[in-house]
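Student: Got chain R; can you put chain V on it based on the hints?
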Amino acid sequence: MSDASLPGGHEPRRWSWTDPKLRSLVLQGLLAVILIWMAWSILANAQANLARRGIASGFGFLENSAGFGISQTLIPYNESMSYGRAFLVGLLNTLLVAFLGIIIATIIGFLMGVARLSSNVVIKALASAYVEVTRNLPPLFQIMFWYLAVLAALPNPRQSLSFGIQPILNGLASGAAGIGLTPVAAFFSNLAGMVAAPGIFVNNRGLVVPRPLFEPGSEWVGWGIVAGLVLTFVLARWAKRRREATGQQFPVFWSGVALIVGLPLVLAFATGMPVAFERPELKGFNFVGGVRVIPEFVALLLALSIYTAGFIAEIVRAGISSVSRGQSEAAYSLGLKPGLTMRLVVIPQAMRVIIPPLTSQYLNLTKNSSLGVAVGYPDLVAIFAGTTLNQTGQAIEIIAITMAVYLTISVLTTLVMNWYNRRVALIER
Amino acid sequence: MDVSTPPAVAGAPAGSFVAAGMIAPETPPVSTRGVWGWARAHLLGSPTQVILTLFGCWVFYIVVPPLLNFFIFDAVFTGTGRNACLPEVVGRPVGACWPFIGAKFNQIVYGFYPEPERWRVDLVYALGIILLAPLMIPKLPYKRLNALLFFGVYPVASFVLLTGGNLGLQRFLLSAAGLGPVFSSIGQALGLRSGFWPDYVASTLVIAAIAAAAAPVFAGECRSFAKAVLVTFISLGLVLAAVDINFGLPPVETRVWGGMLVTLVIAVTGIVASLPLGILLALGRRSDMPLVRISCVLFIEFWRGVPLITVLFFATYMLPLFLPGQFNIDGLLRALVGVALFASAYMAEVVRGGLQAISKGQYEGAMALGLRSSLMMRLVVLPQALKLVIPGIVNNFIGLFKDTTLVLIVSIFDLLGVLRAAFTDPNWATPTTVVTGFGFAGLFYFVFCFGMSRYSLALERRLDRNHRN
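From first to last, the protein sequence lines stand for chains R and V.
The opening position of the first sequence corresponds to residue 4 in the numbering used here, with each subsequent residue numbered one higher.
The opening position of the second sequence corresponds to residue 6 in the numbering used here, with each subsequent residue numbered one higher.
For reference, chain R alone in the conformation it holds in the complex:
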């Protein structure tokens, strides 16, 4: 505490140990010394330990041939390719399961969140039971449950469960025959004869679905989808501006669906159906053709989506309840129907509360996808921090890269989130 300002005959002291500024400098200096000492000793120890084990550090190993196969690859890969390539395969597998998981979890979560607020007690009770059960069981437990108890108990390929319109129609036909409606039964079985045999099979070796075959000309369909998306976006902007100017509504949703689905379909017909589906067929003991989705992926995707959906449901419920009743009452007195009130008044305000925790759930799902290693799903952790680490022994480099990948994902998400929060934040006077 400098007493320079005090009147008196003392020589003003230049500095003192009790000066908070100086003390904070000294403490920080001490911390810096400790941190540097820790970093140095960690480095020295690591070097000594690596030298003793005969492991050369560095990232050169990434170019060596990996020599192991991977059961699910989104990009071409074989055993002779490098560890770097294997890393990429794992990263893509992680992103794939995270992406699909986020979509499914969001859909289930929103449905369950709205159902928990329903005035119908049965629906409410079901949704509550869903949320409590899924949130209170560990994600790893759920992954292993789906993998070991459900998927492993499915029949072998020869007795696969098949999914398609035909089995449903056949079921309806036999149901109708059961209650004595012969003409209806005949109608359904005729209909079943007209549609194609089922193309989706489920068995203990995974899920088999038709494989799309892209012939020349199929790029037009792809462009059709892109054009549909762009046009829908432009249309939505235009409709919003018109609504704000004149108050006239435009059916954006249905015209968007027409554009995104219809345009590629029209183009597909115009170019002579360049996209065909290769149907899987049972030959001997297994399926030939089609795409096989490995059971590890199915188990991981189901467990992650169902687990995260429980949390999303709670977030959605909290978000909707946070919008005060006066808002919906005001909307009703303006003459809006319940559906429109929800869509135009409640949900936009609820989203402000929902989005931040929702993003952190998305991040959690992405991080939890690393649990796939327990059932052998070839994600980043299983391929890189598992197999590659065991083969090369480059623990430091590999774990650092793996952590860096997850950190990058979460930092990017946080940045986007902060930007979004600033945009939607309430501007208060």
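For the record, the hints were derived by calculation from the structure and aren't laboratory data.
Predicted model only: the values in this text are computed from it and were never measured.
Don't take each hint at face value.
[Unchecked claim] In silico DSS-like cross-links for lysine-lysine, where the CA-CA straight-line distance does not exceed 30 Å: (1) V:K365 - V:K392; (2) V:K392 - V:K144; (3) R:K24 - V:K365; (4) V:K392 - V:K148; (5) V:K232 - R:K24; (6) R:K340 - R:K243.
Tutor: Same frame as chain R, but now just chain V:
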């Protein structure tokens, strides 16, 4: 509709806004009272409602009766091997195979902990319940003492009981500085196992002296500084003495621990270790010193940004590389270090929430009373902040409890790991073994997590009420 024109309106000029007649009364709103009214409001209000109700009942019908059948009515409750649970042998459809859980129950609770020593695990469980139950009931007194016992004494006692203690400590600070031979000869002269304790006493005195000498630099009193050091070292000494003394308990390696024991050890260690670390990190994050703040932010955001499984890989494969060669740390301890670091980052964020909820007036009031910053935190801010975040801490504990399952990936057999190993036992290979095992584990996790979350909700409501008064 036979309402005649009221006299007041009769004389109104034509074409005015005044109604010519009374509006017919509206029909009374549908009653929401009574069984029928309730059903209309909650089940059968509109065609959509009816469809939803029917759908809900159908889902209930296809889920609940089969579950009850499987786990209770069709289940097998007695037997000694797989034959008791095979449908071909029993001659009826067989549900859950509970004798499997019965046969594996000891493994599920103790892992492979040696049979004659299992009373130690029981004692640890019992102590935990005795200390935790009064801590969780808000009405009971002596919370401070209780918390000290649970967070301070209980972990040490459990460590000694579970591992057998008797570490045989060799050297302390001054021996590391090259005075080892002196102290080991003193130790021999006193009939001790090593030179540790003479070294410890000497180190304590030396450090207390240094602190006393440095006290004026930090504007403190020599005596209070020396006293603080002595108190710290005496309590540390008590802990070290407890783990060093030979109580005659046979040592039990952590490799043979398993099941519920490992699950609870990891969860409780994680929470006990993360509480002080988390508080320090949260205070550091709100500090005015840029270096302290930045290091804390980096530490917290790093551990929160990576999945726990990579933290466990880090602890298993990288940690041994970072320590000097002579350290060979145990597999469970590595996982515990990883879990503690991970949990403390999450705890720091919970505590930070509590710190932010304390109004500025509290800080200013404390400063106006002349408290220095450490006392202000200890006496004014933290007691209020920590009370606010108890529900958050409980929620953190639930998350940690669920996350303990991950250790099975680094080959530590927790409850789920033991069960998974038990599934491969050919003596119990039946079609329903796996589902039975998952049913049991699921019930265990559900009861625990659901109970804790209800508890946390109740606490939240109680705190909320206190806050308003």
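Student: None of the hints should be skipped; say for each whether it holds.
Tutor: Here is how each hint holds up against the structure:
For a cut-off of 30 Å, the pair hint linking K365 of chain V to K392 of chain V stands: about 17 Å separates their Cα positions. Distance restraint check for K392 of chain V and K144 of chain V: the Cα-Cα separation of roughly 14 Å lies within the 30 Å cut-off, and the hinted pair is therefore satisfied. About 22 Å separates the Cα atoms of K24 of chain R and K365 of chain V, which keeps this hinted pair within 30 Å; it holds. Of the pairs offered as hints, the one joining K392 of chain V and K148 of chain V holds, with about 12 Å between alpha carbons and a cut-off of 30 Å not exceeded.
Taking the CA atoms of K232 of chain V and K24 of chain R, the gap is near 27 Å; set against the 30 Å cutoff, the hint holds. This hinted pair checks out: K340 of chain R and K243 of chain R have alpha carbons roughly 20 Å apart, not beyond 30 Å.
No hint from the list above goes unmet by this structure.
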